[in-house]
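Line order of the protein sequences matches chains A and B. Under this note's numbering, read the first sequence as residues 9 to 447, first letter to last. Under this note's numbering, read the second sequence as residues 9 to 447, first letter to last.
In case anyone wonders, no lab produced these hints; they're calculated from the structure. Some hints here could point you the wrong way.
The list cannot tell twin chains apart, which means a pair is met if one copy fits it or any two copies do.
Simulated crosslink set (BS3-like; lysine-lysine; CA at most 30 Å straight-line) [as the list claims (entries may be wrong)]:
#, residue 1, residue 2
1, 410, 370
2, 402, 249
3, 36, 280
4, 432, 280
5, 182, 111
6, 39, 280
7, 334, 280
8, 36, 344
9, 334, 39
10, 210, 306
11, 439, 402
12, 306, 280
13, 20, 306
14, 249, 182
Number of protein chains: 2
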Amino acid sequence: MHIILLSGGSGKRLWPLSNDIRSKQFIKIFKTQTGEYESMVQRMYHQIREVDQDAAVTVATSKTQVSSIHNQLGDKVSVCVESSRRDTFPAIALASAYLHDEKGVPGEEPVVVCPVDPYVEKDYFEALKKLGEIARCGEAKLVFMGMEPTYPSEKYGYIIPEDANTVSRVATFKEKPDARTAEQYIRQGALWNGGVFAYQLKYVLEKAHELIDFRDYQDLAAKYGTLDKISFDYAVAEKEKDSKVMRFQGQWKDLGTWNTLTEAMEETCIGKGMVNQACENVHIVNELDVPVLCMGLKDVVVSASPEGILVSDKEQSSYIKPFVDKIDQQVMFAEKSWGSFRVLDATEESLTIKVTLNPGNKMNYHSHERRDEVWNVISGCGRSIIDGQVRSIKAGDVLDMKAGSRHTVLADTELKIIEIQFGKEISVQDKQKFEFPAL
Amino acid sequence: MHIILLSGGSGKRLWPLSNDIRSKQFIKIFKTQTGEYESMVQRMYHQIREVDQDAAVTVATSKTQVSSIHNQLGDKVSVCVESSRRDTFPAIALASAYLHDEKGVPGEEPVVVCPVDPYVEKDYFEALKKLGEIARCGEAKLVFMGMEPTYPSEKYGYIIPEDANTVSRVATFKEKPDARTAEQYIRQGALWNGGVFAYQLKYVLEKAHELIDFRDYQDLAAKYGTLDKISFDYAVAEKEKDSKVMRFQGQWKDLGTWNTLTEAMEETCIGKGMVNQACENVHIVNELDVPVLCMGLKDVVVSASPEGILVSDKEQSSYIKPFVDKIDQQVMFAEKSWGSFRVLDATEESLTIKVTLNPGNKMNYHSHERRDEVWNVISGCGRSIIDGQVRSIKAGDVLDMKAGSRHTVLADTELKIIEIQFGKEISVQDKQKFEFPAL
């Protein structure tokens, strides 16, 4: 079975853990059996593997998330990269062309599309398999998963089936309604449209060629930035007469707000923290090195990261976005394909950053025009290249790079560096990349 | 008038702003007319100056607080240093001997003793002056200020006056009672004992010589660590038949818990922070560089510092101590006589610290046995001395000091340095001091 995992939007609703760079699906918040924490994307990827070892997963995502995807899922995961955000129809068209033209997947093969962020259990993946089987048999052009609604939500579109059978023909699609209309839909037997569906690969390729002028994957990828922003529901699903829907009654939760996310947490506290006995329904998610102490709170979530600190009533936490939009500061931490960084200190003419390189990884070979840099190696070992000179480095070494000098570092073991940038105009834009020198 | 300001105990009740090193009186929390913030000790010192320009203030404090005192009040303030904590009687005896033997204050001069931490207004200092005048006239050996009680507190000792006049003879002293007993005292006209009193210098010197075998200030200071811990109330006040009490009805608040401290705050938020409209009676005191966002909270204080984050219901905040006692981490920031430091990052074999030296200040000339250090100068200019070699330094300079090398730095302007310590056994104890070299 082929699965396209849609790994979408940067979001601020889970600030300070999500920011312009880190989307919610990368926050490590779910405890695994080994006691470590994994993110939504890791959890879903591992769950798919458990249910179907042979499942071929392709992550469809934007350029900005590729580093995080590789960092969390490894280098081997198949990624279809969108050069810019164009909504779900272009994304699914691109990923479908990628499977056909790059991976050689035959047009008759069923493909299942699902977003990366719902919180689900094993039964969901069993249902995905069934969805793929229905598509393989050609029972319908498009086969949707319809989530049994638990309340008249205004957040979802609705699918109204023709009958009450587990698998039914689709009568009609409805866009996000108000609560009263949602109640009416539910009385008619409507299901939530969770954006999960299956099709034979050739079906979406045909639709893509109908709506977009392109030759093949490479061509589509090249003109991706010029495509109209349009959702798959609007461009394809709502117009398709030959579609079915399969009911799903298992766990399926959107963990898009602190309120829903903390419901899925198994523990009161992730990271350093304490709550006293007078606390009730309090959750702490703390990514800082110092402790959080909560006393006498009720229905509150506290989250701390290098970006800032949120203390919110759980209900109120869904209204966070306009406030976070007001916060104007540089990105304070990020995951990269090679590791991660965290801003430790910023002054007018300096920036102090902790850089962690994963074993076997390296930075680009690059230079800066308007800043000097110093690397203080605090742990691990590796090699630096500065203006072509290769040197072994280890904890305690200090490397000096004046503006203009070309430099990179390779980690032989995990390598931690305190990087200090000196200059009047420190900017992430001030970076020239060069071809990596031969070692 | 001579005033002895008692600057006492390190406290954890205002964690994370107070810690083992920083006592609550040094937290900068009160907005001045210029828009800057001052601490309790600064506020009281400035208030005294406003009421009486000629007041001679001596701060009686322990060794550990001397740096902070000079840092906040300047180098010229008179400080009587206790080599260890010995309770109030030895502290007042030492400060009295200091005034007499070191400052040459005549025995007939009145001295007023008051703790540094109550939150008071100008009328309090007018009252202190009156207290001093009463002592000067010799109306009684000891003249107390009695605070008009506002509720039957269990936190204070009580003074029961003989009559209801503004100044009355003391009938008796009572130790901290339970609430019911406190109510009885108040019905008898009792006043809170705030530890504020005046005497003629010779009176306490006589008492000191009666109870302690010493020659003069130098002798007393030398044997200070061997003295019994005993309070002034117990050793002197409660036994003195010839004492008076003066009623005080003005503002006098103990800001020893977050609940009382935030009551005295003029603003909702000190430092970077936001509260949404659904918040009610919420205060933020944030010493970090990143923002705190509060949503839908009621009666809550949020405080963040390099030590950690407190989120507490205001009532509950007085029960903080046992929880803070459980937190076992190194001191993350401190004020020093020469400036301040803040821990930015700690790993097993490294420590990254931001050091700020105030203009004209310098570190000790010192070395470490078991760690190397690197100084990355990020702003300002000054001079370094490493193994006797003097060198001018400025932003962008990097200085390397291997274990064993003797080093110091002098700030010509404000100087900021990122210090990185490398080693397996990094400890504050690993420090040898040497005589400062001639420049």
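Next on the checklist: Under the constraints set out in the numbered hints, which ones does this structure not fulfil?
Outcome noted: 2, 5, 10
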